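The whole structure should be built from the sequences, with the hints applied where relevant.
Protein sequence lines, in the order shown, are assigned to chains A and B.
Quick note, this note's numbering runs 81 ahead of the 1-based positions in the first sequence.
Quick note, this note's numbering runs 81 ahead of the 1-based positions in the second sequence.
Bear in mind the hints are in silico, worked out from the structure with no lab data behind them.
Only a predicted model underlies this, so the values are computations on that prediction, with no experimental measurement involved.
One or more of the hints may lead you astray.
The following label-pair restraints were derived from C-beta to C-beta distances [unchecked claim]:
| hint | chain 1 | residue 1 | chain 2 | residue 2 | range |
| --- | --- | --- | --- | --- | --- |
| 1 | B | E248 | A | E138 | 40 to 46 Å |
| 2 | B | R252 | A | T197 | 28 to 34 Å |
| 3 | B | K201 | A | R252 | 31 to 37 Å |
| 4 | B | K289 | A | F85 | 28 to 34 Å |
| 5 | B | I291 | A | T197 | 45 to 51 Å |
Positions of the beta carbon are idealized from the N, C-alpha and C atoms, including for glycine.
This is what each chain is made of:
Number of protein chains: 2
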Amino acid sequence: MRHFTIELEELNQKLLQMGGLVEQAIHRSVRALLEQDRDLAEEVIRDEPKINRMEMEIDGLVTRLLALRQPVARDLRLLTAALKINNDLERIGDLANHIAERSLSLMHHPLVKPMTDIPKMASLVQSMLLKCLDAFVNSDADLAHTVLLSDAEVDLLRDGVYSELLEIMQRDPSVLTAAIDLIFVARNLERIGDHATNIAEDVVFLVKGIDVRHHAEQTESA
Amino acid sequence: MRHFTIELEELNQKLLQMGGLVEQAIHRSVRALLEQDRDLAEEVIRDEPKINRMEMEIDGLVTRLLALRQPVARDLRLLTAALKINNDLERIGDLANHIAERSLSLMHHPLVKPMTDIPKMASLVQSMLLKCLDAFVNSDADLAHTVLLSDAEVDLLRDGVYSELLEIMQRDPSVLTAAIDLIFVARNLERIGDHATNIAEDVVFLVKGIDVRHHAEQTESA
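In structure tokens, the structure reads:
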């Protein structure tokens with residue numbers, strides 16, 4: 082029987098691998114939107130089952146480790162955190178899929194606005210995702226904190242996209258459906274940021290034993 | 082030391098209690114929207130921390146039971162399911178809170194459409210929520226299956242709300258922001274339905290050992 086630490090390392094690797102798939106899905110879905118690239122959007126949609134299978138595999142691995150190793154204290158918290166992070170990653174995959182679907186519905190529509198805020202939001206949430214996973218595997222609470230700080234910036238960018246699109250719609254009702262699609266894309270990116278924030282909160286809890294969920298504002302001003 | 086079965090019963094009770102808070106939040110937020118009742122919306126927002134505290138309490142209870150009881154097989158699956166369900170309930174609470182916020186922003190705006198589909202969606206997702214929690218505490222996979230079947234109906238209602246609002250916006254751009262608020266309310270209700278579906282899938286997995294996540298369509302046609 083292998084050592085528990087090796088099994089935990091395997092779990093970390095799988096979570097990172099899943100994080101990689103999910104990060105790629107975000108990247109591709111946003112590129113599909115910006116470059117009106119149908120193939121890329123379809124790749125994201127086609128690859129979603131991979132992410133879903135990976136979620137079930139990781140769930141199975143954690144449940145097996147809980148049963149076989151009967152961990153306590155930190156190891157137990159680590160495994161329950163892994164379950165949550167796995168769930169957050171799968172939902173991020175879902176959101177990237179939604180963006181890919183919106184990009185398909187926008188495919189034959191001229192772009193309603195110059196695309197600057199949406200790629201900015203996308204690269205911000207991608208970097209949040211990479212950081213929170215790094216923070217998890219390296220038990221780095223400071224890095225996790227930086228993710229918590231980015232959440233407000235994502236919200237600001239989303240507000241900017243929203244009010245700009247509203248103005249465009251008011252001037253030209255013919256772009257309504259396309260503009261609403263873009264509002265949903267911004268909302269999906271914001272929610273990806275929320276999931277990265279959830280993961281970062283789990284990491285802080287794991288490392289410091291402080292539950293920062295539901296009062297992130299205190300954390301941010303600390 | 083108390084028996085494990087008593088502790089599991091306590092966990093069930095807490096999850097039901099949390100489910101009750103969350104169901105009340107949905108009910109109130111939608112009534113606040115329909116009746117333009119500011120007090121009710123503010124109650125939902127004021128009570129959200131209760132739901133968040135309850136989530137942390139249930140997480141703590143499950144982690145303690147995992148550590149102290151070192152459960153295996155079905156008991157272990159039950160506890161990991163409880164963690165997920167707890168998380169879904171907290172997110173439903175968040176979504177009810179979003180609806181309450183939208184209802185505040187719609188407070189002084191004349192209703193943009195006769196409100197029939199949104200209350201229909203609300204009562205459907207409320208009943209899905211009650212059923213999936215019932216199914217969980219009674220290990221009733223058949224009841225959980227009925228929840229999976231309702232998900233498509235929620236999506237249909239959401240599509241109806243969406244296309245009706247789009248028409249209204251095209252006729253009268255002055256209602257744009259109000260109509261977009263309502264599109265988001267419908268989207269929030271749809272997501273509440275998705276979370277109830279997640280819970281129902283966890284119950285089927287728990288009772289039958291079959292993972293119906295990510296291929297619910299097969300389940301539905303079975």
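Against the structure, the hints:
no., hint, result
1, B:E248 to A:E138: 40 to 46 Å, "holds (45 Å)"
2, B:R252 to A:T197: 28 to 34 Å, "holds (31 Å)"
3, B:K201 to A:R252: 31 to 37 Å, "holds (34 Å)"
4, B:K289 to A:F85: 28 to 34 Å, "holds (30 Å)"
5, B:I291 to A:T197: 45 to 51 Å, "holds (47 Å)"
Taken one by one, the earlier hints all hold for this structure without exception.
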